[in-house]
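Trainee: The hints should help you fit chain B onto chain A, whose structure is shown.
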Amino acid sequence: GAVVSQHPSWVICKSGTSVKIECRSLDFQATTMFWYRQFPKQSLMLMATSNEGSKATYEQGVEKDKFLINHASLTLSTLTVTSAHPEDSSFYICSARARPGLAGDHTQYFGPGTRLTVL
Amino acid sequence: RKEVEQDPGPFNVPEGATVAFNCTYSNSASQSFFWYRQDCRKEPKLLMSVYSSGNEDGRFTAQLNRASQYISLLIRDSKLSDSATYLCVVNLSNTGNQFYFGTGTSLTVIP
Numbered sequence: 856g857a858v859v860s861q862h863p864s865w866v867i868c869k870s871g872t873s874v875k876i877e878c879r880s881l882d883f884q885a886t887t888m889f890w891y892r893q894f895p896k897q898s899l900m901l902m903a904t905s906n907e908g909s910k911a912t913y914e915q916g917v918e919k920d921k922f923l924i925n926h927a928s929l930t931l932s933t934l935t936v937t938s939a940h941p942e943d944s945s946f947y948i949c950s951a952r953a954r955p956g957l958a959g960d961h962t963q964y965f966g967p968g969t970r971l972t973v974l
Numbered sequence: 002r003k004e005v006e007q008d009p010g011p012f013n014v015p016e017g018a019t020v021a022f023n024c025t026y027s028n029s030a031s032q033s034f035f036w037y038r039q040d041c042r043k044e045p046k047l048l049m050s051v052y053s054s055g056n057e058d059g060r061f062t063a064q065l066n067r068a069s070q071y072i073s074l075l076i077r078d079s080k081l082s083d084s085a086t087y088l089c090v091v092n093l094s095n096t097g098n099q100f101y102f103g104t105g106t107s108l109t110v111i112p
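Heads up: the sequence lines are chains A and B, in that order.
Counting the first sequence from 1 gives a position; the numbering used here is that position plus 855.
Counting the second sequence from 1 gives a position; the numbering used here is that position plus 1.
Excised from the complex, chain A in its bound form (with noise of 0.2 Å):
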């Protein structure tokens, strides 16, 4: 199946500064991309959608000047947690979406995730 990675795998770093989450799709183009929060025991929470060469869509609630995402090729995205603060330790997870077409292009693919610590 197609194959999506995230980088890093688990961060740690103090109150106030920001951290780069990147999510590439390996094997395929994406022309969507999703970013996702799961807290402990709970379900995903979709964060935003990106589509390639413009401005990513944003769910209510999630602010756009904190959570900066980047979607500047068909095979990378990418998430700025700006200014981190404890609050946002969570489980990040992308999803990538292949353009349509292609054969299963409804169906998203999901990085291995990125755990953030934020001390």
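The set of hints was computed from the structure by calculation and includes no laboratory data.
Values in this document were obtained by computation on a predicted structure and should not be read as measured data.
Among the hints, a few may not be true.
[Said to hold, decoys possible] Straight-line C-alpha distance at most 20 Å; calculated SDA-like pairs for lysine to any residue:
no., chain 1, residue 1, chain 2, residue 2
1, B, K43, A, R892
2, B, K43, A, Q915
3, B, K3, A, Q915
Mentor: Same frame as chain A, now just chain B:
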């Protein structure tokens, strides 16, 4: 009302048992349906898509009931390795990006 609702469980079943999960969705215009499996502290992985005619993959059978707006997943002959959280996912269209996740159903298979 949530777009997708699942019984969170937990379901604790003995090895070899058959277990079924249901999931309901609120938008009758929903087009695509999926079951994902998520292990603890890991990312969700696609288990199977759900088609109107129902589909089977080994011990796993998924069914869709559009009239009642629910999706089911049946696991036969449960294995210890089936222990995970099963997420029901609904997309409002085959080409759009309106995916909705259920909160997941926790399954533990006991030796």
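Trainee: It remains to establish, for every hint, whether it holds in the given structure.
Mentor: Cross-check of the supplied hints:
no.	hint	verdict
1	B/K43 - A/R892	12 Å, holds
2	B/K43 - A/Q915	25 Å, violated
3	B/K3 - A/Q915	15 Å, holds
Violated hints amount to a single one, hint 2; each of the other numbered hints is respected by the structure.
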